[in-house]
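Student: As they're listed, the protein sequences go chains D and V. Residues in the first sequence are numbered consecutively from 1, following my numbering. Residues in the second sequence are numbered consecutively from 1001, following my numbering.
Simulated from the structure, these hints should not be mistaken for laboratory data. There could be a bad hint or two in this list.
What the hints assert, rightly or not - From chain D, some residues computed to sit far from chain V (all C-beta separations above 10 Å):
1) K4
2) K10
3) A11
4) R12
5) E18
6) V25
7) E34
8) Y38
9) L44
10) Q50
11) F52
12) E57
13) F60
14) F62
15) E63
16) E64
To be verified - Cross-link-like lysine-lysine pairs, in silico, DSS-like; alpha carbons within 30 Å at most:
17) D:K37 with V:K1085
18) V:K1141 with D:K2
19) D:K13 with D:K47
20) D:K47 with D:K4
21) D:K4 with D:K37
22) D:K13 with D:K2
23) V:K1078 with V:K1094
24) D:K47 with V:K1078
25) D:K37 with D:K10
26) V:K1007 with V:K1071
27) D:K13 with V:K1085
28) V:K1078 with V:K1007
29) V:K1078 with D:K4
30) D:K13 with V:K1071
31) V:K1085 with D:K47
32) V:K1078 with D:K37
33) V:K1071 with D:K10
34) V:K1078 with D:K13
35) D:K37 with D:K13
36) V:K1094 with D:K37
37) V:K1041 with D:K47
38) V:K1007 with D:K47
39) V:K1034 with D:K47
40) V:K1071 with V:K1006
The C-beta atom is built at its ideal place from N, Cα and C for all residues, glycine as well.
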Amino acid sequence: MKNKIQELRKARKVTQQELADALSVTRQTIISLENGKYNASLTLAHKAAQFFGISIEELFIFEEDENL
Amino acid sequence: MEDFRKKVQTRLGINSMLCLSSIAIYFALTFLTKNADEFAKGLSMGVFCGLEIVAVFNTIRLLITLRSEEKLREMYIKENDERIKAIERMTAQKGFIISIIGMALGAIVAGFFDVRVCLALVGALFFSSVVTLCARAYYNKNM
Chain D
1 MKNKIQELRK
11 ARKVTQQELA
21 DALSVTRQTI
31 ISLENGKYNA
41 SLTLAHKAAQ
51 FFGISIEELF
61 IFEEDENL
Chain V
1001 MEDFRKKVQT
1011 RLGINSMLCL
1021 SSIAIYFALT
1031 FLTKNADEFA
1041 KGLSMGVFCG
1051 LEIVAVFNTI
1061 RLLITLRSEE
1071 KLREMYIKEN
1081 DERIKAIERM
1091 TAQKGFIISI
1101 IGMALGAIVA
1111 GFFDVRVCLA
1121 LVGALFFSSV
1131 VTLCARAYYN
1141 KNM
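Let the sequences and hints guide you as you build the complete structure.
Tutor: Structure representation (structure tokens):
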């Protein structure tokens, strides 16, 4: 699943470590999320969306045929 | 974080108890295995020494962690990070499947050479399957 985490993080001048601390995850998780290697759980997606002040749908781009 | 601190304190208590009771465990092991053969004695002592080393290491690590709020938070994040948990789940699943296949193949091959080894492997395979089925039934009911 694609997301705008890297884009938003860079726009707000937040480091990966700062974001990781804010979301209570490791920096490696942020790297994997940004690279699209790992899909966040609903809880983490919610926390990330709250951090950036946008909705989950705006932060994560769900592609319908992704799991087909 | 207070709940996690209590959890770490409990772990510290268990590890410290294991460290403190090492002498008692050593004498109990010596007494229980006095008539056993050298291999069994060596094996039980080896496991005991290994456990004690892990307990000492854990006690020191947990003591250091509990003294620093930052280290405690670091530990909390490492233990609760969902990606690490997902990796652990996947590793356990794949590792289990590979072990089961390996054991089944081993049992077949062992059947040509030694029936006891073959039966031991079949027994382990059967036990693993029963445990897996029970765990699956439990999680099916509770999740």
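Student: With reference to the structure, classify each hint as holding or not holding.
Tutor: To see whether the hints hold, each was checked on the structure:
1. K4: holds (19 Å)
2. K10: Consistent with the label, D:K10 stays out of reach of chain V, its closest Cβ about 21 Å off (over 10 Å).
3. A11: D:A11 is indeed farther than 10 Å from all Cβ atoms of chain V, at 24 Å.
4. R12: holds (21 Å)
5. E18: Per Cβ check, D:E18 is outside 10 Å of chain V; nearest 13 Å; holds.
6. V25: Violated, since 5 Å does not exceed 10 Å.
7. E34: holds (12 Å)
8. Y38: violated (5 Å)
9. L44: violated (6 Å)
10. Q50: holds (16 Å)
11. F52: D:F52 clear of chain V: closest Cβ-Cβ about 18 Å, beyond 10 Å.
12. E57: holds (20 Å)
13. F60: holds (15 Å)
14. F62: holds (19 Å)
15. E63: D:E63 clear of chain V: closest Cβ-Cβ about 20 Å, beyond 10 Å.
16. E64: holds (23 Å)
17. D:K37 with V:K1085: Holds, because 15 Å separates the two Cα atoms, which is no more than 30 Å.
18. V:K1141 with D:K2: violated (34 Å)
19. D:K13 with D:K47: With a Cα-Cα distance of about 18 Å, the restraint between D:K13 and D:K47 holds, given a limit of 30 Å.
20. D:K47 with D:K4: Roughly 14 Å between the alpha carbons, so the hint for D:K47 and D:K4 holds.
21. D:K4 with D:K37: holds (14 Å)
22. D:K13 with D:K2: Roughly 21 Å between the alpha carbons, so the hint for D:K13 and D:K2 holds.
23. V:K1078 with V:K1094: Roughly 22 Å between the alpha carbons, so the hint for V:K1078 and V:K1094 holds.
24. D:K47 with V:K1078: holds (17 Å)
25. D:K37 with D:K10: holds (19 Å)
26. V:K1007 with V:K1071: Holds, because 15 Å separates the two Cα atoms, which is no more than 30 Å.
27. D:K13 with V:K1085: holds (29 Å)
28. V:K1078 with V:K1007: With Cα atoms ~15 Å apart, V:K1078 and V:K1007 stay inside 30 Å; holds.
29. V:K1078 with D:K4: holds (24 Å)
30. D:K13 with V:K1071: holds (26 Å)
31. V:K1085 with D:K47: It holds: about 18 Å lies between the C-alpha atoms, which stays within 30 Å.
32. V:K1078 with D:K37: holds (19 Å)
33. V:K1071 with D:K10: holds (28 Å)
34. V:K1078 with D:K13: Between V:K1078 and D:K13 the Cα gap is close to 25 Å, so the pair holds against 30 Å.
35. D:K37 with D:K13: holds (23 Å)
36. V:K1094 with D:K37: holds (19 Å)
37. V:K1041 with D:K47: Violated: V:K1041 and D:K47 sit about 54 Å apart, past 30 Å.
38. V:K1007 with D:K47: Holds: V:K1007 and D:K47 sit about 25 Å apart, inside 30 Å.
39. V:K1034 with D:K47: Given that 30 Å is the threshold and the Cα spacing comes to 59 Å, the pair is violated.
40. V:K1071 with V:K1006: holds (15 Å)
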